[in-house]
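Asks: Chain residues, written in single-letter form:
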Amino acid sequence: MNIHEYQAKEIFAKYGLPIPMGEVATTPDRAYSAARRIGGPVVVKAQVLVGGRGKAGGVKLAKTPEEAREKANAILGMTIKGITVKKVLVAPAVDIAREIYLGMVIDRAKKAVVMMASAAGGVDIEEVARETPEKIVRTTVDPTIGLRDYQARDVAYGLGLAGNQVKEFVQIAKGLYQAFMDNDASLAEVNPLVVAPDGKLLAIDAKMNLDDSGLFRHPGLDDLRDENEESADERDARAAGLNYIDLDGNIGCLVNGAGLAMATMDAVKLFGGEPANFLDIGGGARADKVATALRIILRDPSVKAVLVNIFGGITRVDEVARGVQIALEETGTKVPFVCRLVGTNEAEGRKMLAGANVAWAATLSEAAQLAARAVQTGRAEG
Amino acid sequence: MSILINQATKVVVQGITGREGQFHTSQMLAYGTQVVAGMTPGKGGQMVLDVPVYNSVAEAVKEQGADTSLIFVPAAGAADAMLEAADAGIQFVVCISENVPTLDMIEVTHYFDRKGVRLLGPNCPGLISAGQCKVGIIPNHVATPGPVGIVSRSGTLTYEVMFALSQRGLGQSTAVGIGGDPVKGTNFIDVLKLFNEDPATEYIVMIGEIGGTDEERAAEYIAANVKKPTVGFIAGQTAPPGRRMGHAGAIISGGEGRAEDKIAAFKKAGIAVARHPDEVADLVMKAAGRS
Chain B
1 MNIHEYQAKE IFAKYGLPIP MGEVATTPDR AYSAARRIGG PVVVKAQVLV GGRGKAGGVK
61 LAKTPEEARE KANAILGMTI KGITVKKVLV APAVDIAREI YLGMVIDRAK KAVVMMASAA
121 GGVDIEEVAR ETPEKIVRTT VDPTIGLRDY QARDVAYGLG LAGNQVKEFV QIAKGLYQAF
181 MDNDASLAEV NPLVVAPDGK LLAIDAKMNL DDSGLFRHPG LDDLRDENEE SADERDARAA
241 GLNYIDLDGN IGCLVNGAGL AMATMDAVKL FGGEPANFLD IGGGARADKV ATALRIILRD
301 PSVKAVLVNI FGGITRVDEV ARGVQIALEE TGTKVPFVCR LVGTNEAEGR KMLAGANVAW
361 AATLSEAAQL AARAVQTGRA EG
Chain V
1001 MSILINQATK VVVQGITGRE GQFHTSQMLA YGTQVVAGMT PGKGGQMVLD VPVYNSVAEA
1061 VKEQGADTSL IFVPAAGAAD AMLEAADAGI QFVVCISENV PTLDMIEVTH YFDRKGVRLL
1121 GPNCPGLISA GQCKVGIIPN HVATPGPVGI VSRSGTLTYE VMFALSQRGL GQSTAVGIGG
1181 DPVKGTNFID VLKLFNEDPA TEYIVMIGEI GGTDEERAAE YIAANVKKPT VGFIAGQTAP
1241 PGRRMGHAGA IISGGEGRAE DKIAAFKKAG IAVARHPDEV ADLVMKAAGR S
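Chains as they are written, first to last, in the numbering used here: chain B, 1 to 382; chain V, 1001 to 1291.
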C-alpha cells in the first residue's frame, strides 16, 4: 500500500525529521487560506500516488495566497498518469543550497534493510543508479543491531556533509529508519533532503510504501488507504479476498495461482489476444468466490470473452464450474467462455457446464487461442 | 536419489490441528511421507490421523526424532513458528504460510543463517521428491519419478509443468517451490547447486517471474557452473509496472524485475526459454532427445 506525501510527512515528523509542515486542501479557496496561515511563499503540490508529479505540472510555486489559489485551481482536477488530483498539499517554500536523496529500502538479495543516499537529490534514485551509480552511498543494516550512528556518519561524510550537518543527518537517518521499522514499510524516502542556505537540513518531500502483509499489526495505517489508488473492481475484489488487477484488454481471465494467472495473461497476449485483468482466485476457492470474481469481470463492458484456467489440486474443478454456472445464470451474459479445467473432479465440472456457451481447451495455449478467436466471432467454439 | 528430502525424512507438522494442516498431512501420509509428529500449542496429547500431537517442536524432536518441519500457521504467528523449529534442532524448515511480514522474514532468515538451518519459503508449496517423499502441498498425482529437477517461484506453474512432463513420460527427481515472497529462505542458486551435484537430476527446469533480480543471478550461476541442460520460463511479461501481481515479490519497481531482462539473462546463459508453460515440457523433451 502506498500513502501520500502529506501522510508520510506526518509519520516522519513524529520521528523527529525536520519537516516544514503544510496543510492539505481540496479546493482552491482552502489552498488560499492555508497559504495565508503559513505566510510567505508556498509550494502547491498534487497529492497523487504516482511518480513524476513535477514533470506533469503538479507542483507549483506560489508567492502569494492569491497565487496559491490560482495554482491549486489549475492542479486540482488535473490528470497525472490517469489519476485525477483531488488534494493538494500547501507547504512553505524553502530556499535550497543543496539537494540530497535519502531512502530506506529492502534489499532482497542481502535480506536486509539498506539505507541509500545520493548527493544528486531531487532526481529519481533509479535514474541516478542508471546514469551515475558511483554517486550512491549505501549501508546495510544488520537486523540484530539496527542502524547505528557510525553507519549514518559514514554516509553523511560520503555525501560531503560537514560539521553540525553530520549530526543532523544522523538524527534524520535514524528517525527515518525507526519510522520504517515501526510501520512495516517497504520504502521510506526523503527526496530531496535539502541543505538550506543557513546550512540546516530540511526534509521537503516524503514518500512511504507499506508492506501489505504487515498492515494487520497497524490497524491505524489501513485508514490511510487512498480509495482512488484502486479501481472499484479492484476494491470489490480485495474485499472478496481475490487478487485482481484491471488491465486494458478484452479477454477476462480467471485463474488459480498468481504465477499461473500471470502466465495465462502472457499466453493470451502471445496468441493475439489482450488480457482484461489479472485474477488469482487463490487455492481451494469455493463456488461463491468464483461467482463473485466473474461478476466483477463481466461488469466491464469491454470484456468480449472469458478464459477460465484452473489447474486443480486443492481447488476442486466442480466447485469452479458451479461458480461459473451461478454467474452465467445470474448475469445472463452472452459473452463466450473458454474453459480449461484440469484436476480434481474434472469430469463432474465439465458435465455441469454442458450446453452453456463454453468452449473447452486441453492446454493453456489452446485456451488462449480459442479465447482470441471467440473475441473475433463472439461465439465459443472449440 | 533426490535433493533435500527422501524416504528417511521425518516430518513434524506445525499447525497440524488446523483445516489446512490436517488435510495436507493426510495427503502426505498417502504419498508415503513419514509424518512422525504434529505440533499445536495446547493440543499436546491428541492424535491427528494417528499422528501424535505435541505442545512444542522440541518435544516432537525429542520424542519422535523429527528432522524436518512443515508450517501451516497463520501469518501473525509464522515467524515464531519458524524460529521455534530452528531453535528445537530441526535441520530443514518448510513454511507454507503466506502474507508473512517482510521485516519478520529479515529477522528469521538472519537467525537461520546463524544457526545453519535451511528454510524453504514462506508463501511456497513446499517440495516433492517423486515417489519418495512430499513435504508441502504439491498435488500427489502430478509427480512421477524421473530425471528432471524443478525449481520455481510459483506453485500452480510447478504443478502445470510437472503434469505436462509426467504425461510425456518424463518424471522428476525433486520439484522445489521456493515461494513468491521478496525475502525468503532458500533461493534459486541454492537449489541449482544441489541439482547440479545430484546424480539423479539430468535436466533442470527453472520457473521465475517478475520482481527482483534473483533470476538474473541464477542465470549467471548456471552459465558459470551448470552443465546440465536447463529450460526456463518467466511469468509476467504483460504485468504492469508498480503493481503487486498476487505474490508479494512479483512487482516491477524502479525499472527492476522486468520479465524481458530475466528472459535476456536466461538466453545469455544458454538456458532454453519457453514462451508459454506448455512449451517447457517440449523443450525438456528436445534436450532429452525425445521429441
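Treat each hint with caution, since some may be false.
Claimed, not checked - With a straight-line cut-off of 30 Å between C-alpha atoms, the simulated DSSO-like cross-links for lysine-lysine are:
| hint | chain 1 | residue 1 | chain 2 | residue 2 |
| --- | --- | --- | --- | --- |
| 1 | B | K110 | V | K1115 |
| 2 | B | K269 | V | K1010 |
| 3 | V | K1227 | V | K1267 |
| 4 | V | K1115 | V | K1043 |
| 5 | V | K1286 | B | K110 |
| 6 | V | K1286 | B | K269 |
| 7 | B | K269 | B | K86 |
| 8 | V | K1010 | V | K1268 |
| 9 | B | K81 | B | K63 |
| 10 | B | K110 | V | K1043 |
| 11 | V | K1010 | V | K1062 |
| 12 | B | K110 | V | K1062 |
| 13 | B | K269 | V | K1267 |
| 14 | B | K200 | B | K174 |
| 15 | B | K81 | B | K304 |
| 16 | B | K110 | V | K1267 |
| 17 | B | K110 | B | K167 |
| 18 | V | K1268 | B | K110 |
| 19 | B | K207 | B | K81 |
| 20 | B | K60 | B | K86 |
| 21 | B | K110 | B | K86 |
| 22 | V | K1268 | V | K1228 |
| 23 | V | K1115 | B | K174 |
| 24 | B | K86 | B | K135 |
| 25 | V | K1193 | V | K1115 |
Claimed, not checked - Between beta-carbon pairs, the in silico distance windows are:
| hint | chain 1 | residue 1 | chain 2 | residue 2 | range |
| --- | --- | --- | --- | --- | --- |
| 26 | B | G220 | V | E1260 | 46 to 52 Å |
| 27 | B | R217 | V | Q1091 | 54 to 60 Å |
| 28 | B | G163 | V | P1240 | 26 to 32 Å |
| 29 | B | G163 | V | G1077 | 31 to 37 Å |
I should point out that these hints are in silico values taken from the structure, not numbers from a laboratory. On a predicted model such as this, the values are computed, not experimentally measured, just so you know. A virtual CB, placed ideally from N, CA and C, is assigned to each residue, including glycine.
Asks: Regarding B:G163 and V:G1077, is the given constraint of 31 to 37 Å on their beta-carbon distance met?
Replies: violated (48 Å)
Asks: Is the straight-line distance between the alpha-carbon of V:K1286 and that of B:K269 30 Å or less?
Replies: holds (25 Å)
Asks: Straight-line Cα separation of B:K81 and B:K304 no greater than 30 Å?
Replies: holds (26 Å)
Asks: For a C-alpha distance cap of 30 Å, please report whether V:K1227 and V:K1267 respect it.
Replies: Holds: V:K1227 and V:K1267 sit about 15 Å apart, inside 30 Å.
Asks: Take the C-alpha atoms of B:K207 and B:K81, compute the straight-line distance between them, and say whether it is at most 30 Å.
Replies: Since the Cα atoms of B:K207 and B:K81 sit roughly 18 Å apart, the hinted pair holds (cutoff 30 Å).
Asks: Does the alpha-carbon distance linking B:K86 and B:K135 stay inside the 30 Å limit?
Replies: Not OK: B:K86 and B:K135 at ~36 Å, beyond 30 Å, violated.
Asks: Would you check the hint for B:K110 and B:K86, treating anything up to 30 Å between C-alpha atoms as holding?
Replies: violated (39 Å)
Asks: For the pair supplied as a hint, B:K81 and B:K63, confirm whether the alpha-carbon distance does not exceed 30 Å.
Replies: holds (27 Å)
Asks: Decide if the proposed pair is consistent with the structure: B:K269 and V:K1010, CA atoms, cutoff 30 Å inclusive.
Replies: violated (45 Å)
Asks: Would you check the hint for V:K1268 and V:K1228, treating anything up to 30 Å between C-alpha atoms as holding?
Replies: holds (16 Å)
Asks: Take a quick look at whether B:K200 and B:K174 sit within 30 Å of each other, Cα to Cα.
Replies: Status holds; Cα separation ~17 Å.
Asks: Is the gap between the beta carbons of B:G163 and V:P1240 within 26 to 32 Å?
Replies: violated (46 Å)
Comparing the model with each earlier hint shows violations of hints 2, 5, 7, 8, 10, 12, 21, 24, 26, 27, 28, 29; every other hint is respected.
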